[in-house]
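Those protein sequence lines, which keep their order, are chains A and B.
As numbered in this note's numbering, residues 84 to 454 make up the first sequence, in order.
As numbered in this note's numbering, residues 77 to 778 make up the second sequence, in order.
These are computed hints drawn from the structure, not numbers from a lab.
Where hints are given, some of them may not hold.
Computed spacing ranges between beta-carbons, pair by pair [to be verified]:
{"no.": "1", "chain 1": "A", "residue 1": "329", "chain 2": "B", "residue 2": "272", "range": "52 to 58 Å"}
{"no.": "2", "chain 1": "A", "residue 1": "328", "chain 2": "B", "residue 2": "232", "range": "51 to 57 Å"}
{"no.": "3", "chain 1": "B", "residue 1": "137", "chain 2": "A", "residue 2": "89", "range": "39 to 45 Å"}
{"no.": "4", "chain 1": "A", "residue 1": "279", "chain 2": "B", "residue 2": "104", "range": "23 to 29 Å"}
{"no.": "5", "chain 1": "A", "residue 1": "99", "chain 2": "B", "residue 2": "236", "range": "53 to 59 Å"}
{"no.": "6", "chain 1": "B", "residue 1": "137", "chain 2": "A", "residue 2": "158", "range": "41 to 47 Å"}
{"no.": "7", "chain 1": "B", "residue 1": "104", "chain 2": "A", "residue 2": "221", "range": "53 to 59 Å"}
{"no.": "8", "chain 1": "A", "residue 1": "274", "chain 2": "B", "residue 2": "93", "range": "28 to 34 Å"}
{"no.": "9", "chain 1": "A", "residue 1": "163", "chain 2": "B", "residue 2": "104", "range": "55 to 61 Å"}
{"no.": "10", "chain 1": "B", "residue 1": "131", "chain 2": "A", "residue 2": "271", "range": "49 to 55 Å"}
This structure is a prediction, so every number in the text was calculated from the model and none was measured.
Using N, Cα and C, we set each Cβ at its ideal position, and we do this for glycine too.
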Amino acid sequence: MITRSIVPDAIARQPWHMLIPLAGLVSLGAAVLYSAAGGSLQPYALSHVMRFVIFLGMAIVISRFSRDFFRMAAYPVYGAIVVLLVLVEAIGAVGGGSQRWLNLGFMTLQPSELMKPAIVLVLARFYETLPHAMTASWRGLVPAGVLIGIPALFVMIQPDLGTALAICFGGAVTMFLAGLPLSWFIGAGMTGAIAAPIAFFTLLHDYQRNRVLVFLDPESDPLGTGYHITQSKIAIGSGGFFGKGFGNGSQSHLQYLPESHTDFVFATMAEEWGMLGGLFVLFVFAVVLSWGLRVARRAPDRFSSLLAAGMAATIFFYVAINLMMVMGLAPVVGIPLPFMSHGGTSMLTNMICLGTLMAVNRWNRRPGSIS
Amino acid sequence: MKISFKRFFPQRHVSAGTLRNSFDRRSIVLGSIQGGVGVLLAARLGYLAIAQNAKYELQAESNRVNLSLIPPRRGWILDRHGTPLASNRADFRVDLIPERVQDAPHTIQTLGKLLNLTPIAMQDLEDKLERARRFAPVEVASGLDWDTFAAVSVRLPDLPGVVTQRGFSRFYPQGPSVGHLIGYVGPASAEEYEKDRDPVLITPGYKVGKDALEKFYEKDLRGKPGARRVEVTASGRIVRDLDTREDVPGKTLKLTIDADIQDYASRRIGPESAAVVVMDCQTGDILAMCSMPSFDPNSFSDGIGRLEWKMLSDDDHVPLRNKVLRGLYPPGSTVKPMVALSFMEAGLDPNESVFCGGGLRVGNRVFHCWNHRGHGQVNMAKGIYQSCDVYFYHFAQRIGMDPIAAMAGRLGLGHDFPLPVSGQSYGTVPNPAWKLKKYGKEWQTFDTVNATIGQGYFLVNPLQQVIQASRLASGRIIMPRLVHGHEQEVAPSLGIPDDHLAYVRQAMSDVANGPGSAPHARLPFPDIKLAGKTGTAQVVGLNVGSGKGGLWKHRDHGHFICFAPFDNPRFACSVVVEHGGGSGSAYPIARDVLTYVFDKQKGMDVLTELEKKWGGTPKERLEARYRTYSAQYGVGAPAVSAEEENRKLQGDDAPQDPAQPIVRDAASPAPEPDAADQPAAPAPAATPSPTPAPGNSGGNPQ
């Protein structure tokens, strides 16, 4: 209570017990990027921190929006991003070849990334408005499936399997939490288990199929696609418990580790900071995600709880797939590690998720002021 | 339809409360799954970083550190006095590793410009690159000066697969003179690497012995490679040196060869196709072993170019064959001292004589003496120093072939010897049992008659000839030695009575110093006398050519075996001149070589005069010939297949070319003309001799 009197209210209200570990994680990320650039702030570390600060400001702005604004914006935002996805596809077709980016002049925008939080938002809104009695009926399933399917399809043909999976995952988690009958998920899971091999041989592109095959046996192609997994495991494994020391990672410095500043940044970190650094990363994500889940559970209404849980799940999906990939537990899909990998779009998406969580958190504190 | 539809979407009571409950439960499930994944990731992290740490640390090290071998310096090969016959020269070199080359034509073009390569050299480089296994380095150039080396070194990043190195290359100071004796070195072939998986074999700049001593003592000469550890990036760029281990040079090999005599003898052969062996006839130490013409082992070490190959294979003097070990020749009359010993051992009184009227009827054929006018009354000594064929025809029929063949074997003919060489052709000492086995025919009297004058089936090599001379000179079982340093006891006696040996030695001395067949073989010293025996071996029948002039391929081979000093033998020497036109081409060489052995200045004076006429030393003549060829053919020489090269260089065991049939039929060769005997004109090839004049003095027998 005394703190409140000294520190301005707007600052004191922020969830510092989550933000401070997160800032620690971003700092570690910056240190790793500093080392990966050969001991230089340019070009990675400085922009990484700058982006975090800017997007944190953006997240705080997001957190100031009212629940009604979120509700109102859900469908228009979703629609706008679908239009952007179509636009990207169209420009790609005209330009000849696939394209994921929209050049806005001052920055490049990847609409598929924005779709990850947007799908959670639109589904939360959908299930809020759906009469409770219909949740277990086809009317609770089919519209949601269409809402997920349209963007997922567009992203899939870009082709960007990783992002498409992230969209589906975010949507599926929201549906799961919305209370759809468990038997449907079990059924879908079984169908997926049967359909996956078929899709593997018919739907996937050659390079995607190759990545899966190489994931199953990285040593079969030590200099080709398996090279990524092998070198990443070498980097993590050679770090040991305490790591080789800051700036001493031979795998990244001698360029054996590919994408050492983006997708494989965890391997770069683990080589220099060891398992200790790895456990710290896992700890921070545990703090952030459990905070997110707590926010969701404390949320007073269906929309905010689904929104918060879905956002947390989206961040979780990034973390889980990326870490499993660098440790050789999942195939190589281009998914960066939140808050550590260098890259603007991924930072933007994750900060949107975080900002939404902070918004829900704010709503929880003042339940009276919104209804 | 309605029933099944209802089964899929069972109507339950769903309210805000149940949904809230379900959310609470399911969020806990979700949280548990997330926690579970977190634990799984932590476990995986621990497994990689702790349990498998050692494995991955090793892999990271092997990524980071690149070990490159430094080829060891090859052991030197020295002569008996310590003069190097094969040494190493520090040099700057450039190699190509085919596996890493990305744009071969561009790389070769660039290197050609940087190194000023001739079109012929570029063509050879393309050939080598095409034939090379991908891991085996190909030499581009060696012996570069610093500026050129630096010019290539700074462009290395743009030329993947090019390796520049400071290393050592093999150097043979005597050049062609030691080609056949020492052999040469070259990059290891795929077969050699398969046989010997030593990684040094595929180190750029490392050469293995390809022939003769270099090949035989490969393991001893090789040494241990040094190593350089460097830190490299994934793309192969060297970041820094970690440490370097020096190489251990190979062992030094000391030979019994005397470099001066070896060089002199090789040069004295001149333009002939000939072999000379000089031996210490008390110990068996080989002092010189020359086969000319030869190749320059220095220019072979970077591989044999098309033009070089064409030049060497076009030469009918077969420069690629070591005539000392692989050349087989009918020995002609050089066997007569040996035959005489066998006669005495069989109990023939050397004073018993026979009348030579120029020929002898054997069965229904007349076998002619080389001197068709006859030698008159001939005893054993005269039979040797005048080389009278009839004497041997006559008594050989009485003694029979077997004692002669046995004596030939005791003197070393028909044997090979334990020498560190890659192969010996040991020829034939014919006897009745051998003929029956080989041809399924009975031995005939005329076979004996032919064999006693070293014709017919008889085949020897120049090494056996010098051993025969040494054993005659010393009366002991002298074994040839090439490697210096083995102390050996005095060789055991041959078991031939001293008076027999003394008789034959005296007769051999008379060949040169008395009324013999080679008066001009006398040494230019009042106190040192040479004892020897001439030999002329027919190559084609008299119906084809006289053997003295005409087609080079049809001329007789010239032989001479000798030792000196006659009364206290120290040195033995054998000379074979292929198609020299008779022994007159051989003994001047032996005489000059032995002159050089006793008095270097006197020998050198003679050689200097001769080489002025021949156009320089063998090395200079070889280079002149190469220039002619390169002007004539340029890059037009046909490519050489690896198999053909290998066959010619390694497997050439054929004792004779098909174009040189061995004469089995005719008897003694025709008499020789005077001209061949002049020391100033020892090369009948240069001065085609006239047909023999039957009315000449007769003091010039074979």
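Hints, verified against the model:
1. 329/A x 272/B: 52 to 58 Å: violated (47 Å)
2. 328/A x 232/B: 51 to 57 Å: violated (32 Å)
3. 137/B x 89/A: 39 to 45 Å: Distance hint for residue 137/B, residue 89/A is violated at roughly 55 Å.
4. 279/A x 104/B: 23 to 29 Å: Check passed, 28 Å falls within 23 to 29 Å.
5. 99/A x 236/B: 53 to 59 Å: holds (55 Å)
6. 137/B x 158/A: 41 to 47 Å: violated (57 Å)
7. 104/B x 221/A: 53 to 59 Å: violated (28 Å)
8. 274/A x 93/B: 28 to 34 Å: For residue 93/B against residue 274/A, whose Cβ atoms are near 31 Å apart, the range 28 to 34 Å holds.
9. 163/A x 104/B: 55 to 61 Å: violated (35 Å)
10. 131/B x 271/A: 49 to 55 Å: Once the Cβ atoms are compared, 40 Å apart, the range 49 to 55 Å for residue 271/A and residue 131/B is violated.
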